[in-house]
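Protein sequence lines correspond, in order, to chains A and B. The first sequence begins at 1 in the numbering used here and counts up one residue at a time. The second sequence begins at 1001 in the numbering used here and counts up one residue at a time.
Since the hints were made in silico from the structure, they are not lab data. The reader is advised that the hints may include incorrect statements.
[To be verified] With a straight-line Cα cutoff of 35 Å, these simulated DSBU-like cross-link-like pairs (lysine-lysine) come out: (1) A:K127 <-> B:K1052; (2) A:K58 <-> A:K230; (3) B:K1058 <-> A:K127; (4) A:K229 <-> A:K53; (5) A:K55 <-> A:K70; (6) A:K184 <-> B:K1052; (7) B:K1207 <-> A:K76; (8) A:K53 <-> B:K1294; (9) A:K184 <-> A:K205; (10) B:K1294 <-> A:K180; (11) B:K1046 <-> A:K127; (12) B:K1294 <-> A:K58; (13) A:K53 <-> A:K70; (14) A:K230 <-> A:K184; (15) A:K55 <-> B:K1202; (16) A:K53 <-> B:K1207; (17) A:K230 <-> A:K53; (18) A:K76 <-> B:K1294; (19) A:K76 <-> B:K1202; (20) B:K1207 <-> A:K50; (21) B:K1048 <-> A:K184; (22) A:K50 <-> B:K1048; (23) B:K1046 <-> A:K180; (24) B:K1046 <-> A:K76; (25) A:K55 <-> B:K1294; (26) A:K53 <-> A:K205; (27) A:K180 <-> B:K1052; (28) B:K1202 <-> A:K53; (29) B:K1202 <-> A:K67; (30) B:K1046 <-> A:K184; (31) B:K1207 <-> A:K58; (32) B:K1048 <-> A:K127; (33) A:K27 <-> B:K1294; (34) A:K55 <-> A:K180; (35) A:K27 <-> A:K67; (36) A:K127 <-> A:K180.
Single-letter residue listing:
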Amino acid sequence: MEINVDSVSFAYNSTPVLNNISFTVQKGEFIGIVGPNGAGKTTILKLIQKLLKPKSGKIQIRERSLKGMKLEDIAKTIGYIPQTELTQFPTSVFNTILMGRKPHFSWGPTENDLEIVSSIILNLGLKDLSLRNINEMSGGQRQKVIIGRVFAQDPDILLLDEPTANLDLHHQLEILDLLKDLSKRGKTVVMAIHDLNLALKYCDKFIMVHDHQIYACGGREIFTQAIIKKVFQVKVSIFHDDNGGIFLIPIQNSKAKKNVHHELVNAAPKGSTNKQGEMDAVN
Amino acid sequence: MEIKAADNLEGKESNDKEENNKDSKPEKVIITTEQEQAIILQTIGKIKHEYKRHVGRKISFIILTLGALFFFILFGMTLGSVRIPLREIIILIFQEGDPVYETILWNIRLPRVLSAALAGFCLSVSGVAMQSILRNPLGSPFTLGISNAAAFGAAFAVILFGAGSMHSTYGDAVIINNPYIITICAFAFCVLTTLLILFISKFFDAKPQTMILMGIIIGSLFSAGSTALQYFADEVQLAAIVYWTFGDLGRANWTQFLIIGIVTVPSMLYFIFNSWNYNILDVGDDVAQSLGVKITSIRIIGMIVASLMTATIISFFGIIAYVGLVVPHIVRRIVGNDEHFLVIGSGVFGSVFLLIADTVARTILSPVILPVGVLTSFLGAPLFLYLLLRKKNISKS
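Please model the complete structure; the sequences and the hints are all you need to start from.
So this is what it looks like as structure tokens:
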């Protein structure tokens, strides 16, 4: 068992975020944490990385209590990529990836560290950009560099918070392919992700968080119309393709939102009724 | 080809997932010939080599600046109210020479020039450290109100302990009695301010931005205190207080140089050895912690060390503004933001900067000697404005 989260609760001051959640992750699994905004996806990742301490319950990494693990040991075992990374003083691609080697060297990088970073840069297809400042790069390239830093860290467990947010389709697939590749090589990947279709395409198992609790947990079978309606308040159609893939297409947003729409339209000045007609047609 | 290289770097292959690997093989297997393998290794070598050349350029900048520092130390010794020819200086260093020159050089000029170099080093390094500790380009010990605290401490010493009575001698324009009481008070208030900021930030779990705001608040509180003290001062005390706030390296002597050296050298080594930790701090707290950096203790120790360095300098020489703010930004443009080169680079560049400023201050209105703090403010403010506006332009385009 790589990760064992046992009846963990967490609250920011008095606002409860997670309420008595438990799950386990096996070695080499590619886990997608899904759920609406504010459900506590990020908090789960931060708890496993020991960036936050649970109010109650315990977390074990490979049968070892996370509480007793030293920061250096965690750094060698678990890698973490936050949702947004704002660098105050950005440096070159090479130097950024080299930071990932920090848990493995003491005062400064060795020849071996430079070799590892160089081969990662080659693998990511960034060889002509290795000395470019990461601030001068596109969002997709920068995300690749950040993934490269975790590769250099070489942990057995990777925690990623929305690694594909704000990326174009090409880069989304590129990043997820890289992660899938890692999980095939025995690394455990736990990722919070909003795009359910991408999650369905890449993840082996899913943890659906809703209302401070784990609402559903398991394989693709948890993506039913009823569950999605309950968790996301969205009606979806579910399609199966020949290769066993599952696709979700949203049909209609929740009632509540529709009411707002009508209220807005009703409140609009009379001259704009034409537009309403057009919108209905589009709908 | 890519897969093969990836395997090389990941090394460990788990047995559990062997089956999964087999599933994926049809699309993944690419036959790698020896030739291709050689090309990969060559490219890896090239990337590494390019990085090393890149690093080499940074190191050569530091070496070049060191050379300039050596030159300006010699140059600074020749210039002043009395011009000492370079030949005389070289003679004096190795053997006895003209006794007048000898007195001027050993008692006045050399401690001053070396103190300028050391002070410039300290102020710049603590500026760099504060910028990454506070994750703010405006970070410097001055932003945290330390100079205001020092000025208050000096005013406090002058008025309450009567440390400031002055008289003129033929040797120097103004002499302040009991200057060490002023130094000790200024130092004490610097340290007190740092501890206060640390205490508040620890107690309320403040973010770096909050620390800066706290510094501004504490700074304005101390300057209000100084104003209040000045109101009750007579004109002699007032003059002493104002005179103290001018950053002036003319107060340097060998004892002070030694004390500053004792404080500086270990602090400098601390920052150089921990440069990777401070580099990673720039990326953000969560990531830094996930990479094994103990962010809280690194921040607190860094704050204490940087403040101690600055406090030592200001309490001896008065307020030398802008060096800690401008020099790191100039050096950032040249060597980039890699902390491991930035710390040394800024230190050496700061030495040169303050040395030139002090030499100019000593000679521009010779025989009148301007306080260097005035000059650094005049140089620093427009320079900082220029850097700020240029940075804006870059981000626009």
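Status of the hints after comparison with the structure:
no., hint, result
1, A:K127 <-> B:K1052, "holds (14 Å)"
2, A:K58 <-> A:K230, "holds (29 Å)"
3, B:K1058 <-> A:K127, "holds (21 Å)"
4, A:K229 <-> A:K53, "holds (32 Å)"
5, A:K55 <-> A:K70, "holds (19 Å)"
6, A:K184 <-> B:K1052, "holds (34 Å)"
7, B:K1207 <-> A:K76, "holds (27 Å)"
8, A:K53 <-> B:K1294, "holds (15 Å)"
9, A:K184 <-> A:K205, "holds (14 Å)"
10, B:K1294 <-> A:K180, "holds (31 Å)"
11, B:K1046 <-> A:K127, "holds (9 Å)"
12, B:K1294 <-> A:K58, "holds (22 Å)"
13, A:K53 <-> A:K70, "holds (14 Å)"
14, A:K230 <-> A:K184, "holds (33 Å)"
15, A:K55 <-> B:K1202, "holds (20 Å)"
16, A:K53 <-> B:K1207, "holds (18 Å)"
17, A:K230 <-> A:K53, "holds (30 Å)"
18, A:K76 <-> B:K1294, "holds (14 Å)"
19, A:K76 <-> B:K1202, "holds (28 Å)"
20, B:K1207 <-> A:K50, "holds (19 Å)"
21, B:K1048 <-> A:K184, "holds (28 Å)"
22, A:K50 <-> B:K1048, "holds (34 Å)"
23, B:K1046 <-> A:K180, "holds (29 Å)"
24, B:K1046 <-> A:K76, "holds (28 Å)"
25, A:K55 <-> B:K1294, "holds (22 Å)"
26, A:K53 <-> A:K205, "holds (25 Å)"
27, A:K180 <-> B:K1052, "holds (32 Å)"
28, B:K1202 <-> A:K53, "holds (17 Å)"
29, B:K1202 <-> A:K67, "holds (22 Å)"
30, B:K1046 <-> A:K184, "holds (29 Å)"
31, B:K1207 <-> A:K58, "holds (28 Å)"
32, B:K1048 <-> A:K127, "holds (10 Å)"
33, A:K27 <-> B:K1294, "holds (28 Å)"
34, A:K55 <-> A:K180, "holds (33 Å)"
35, A:K27 <-> A:K67, "holds (20 Å)"
36, A:K127 <-> A:K180, "holds (22 Å)"
Of the numbered hints given earlier, the model fails none.
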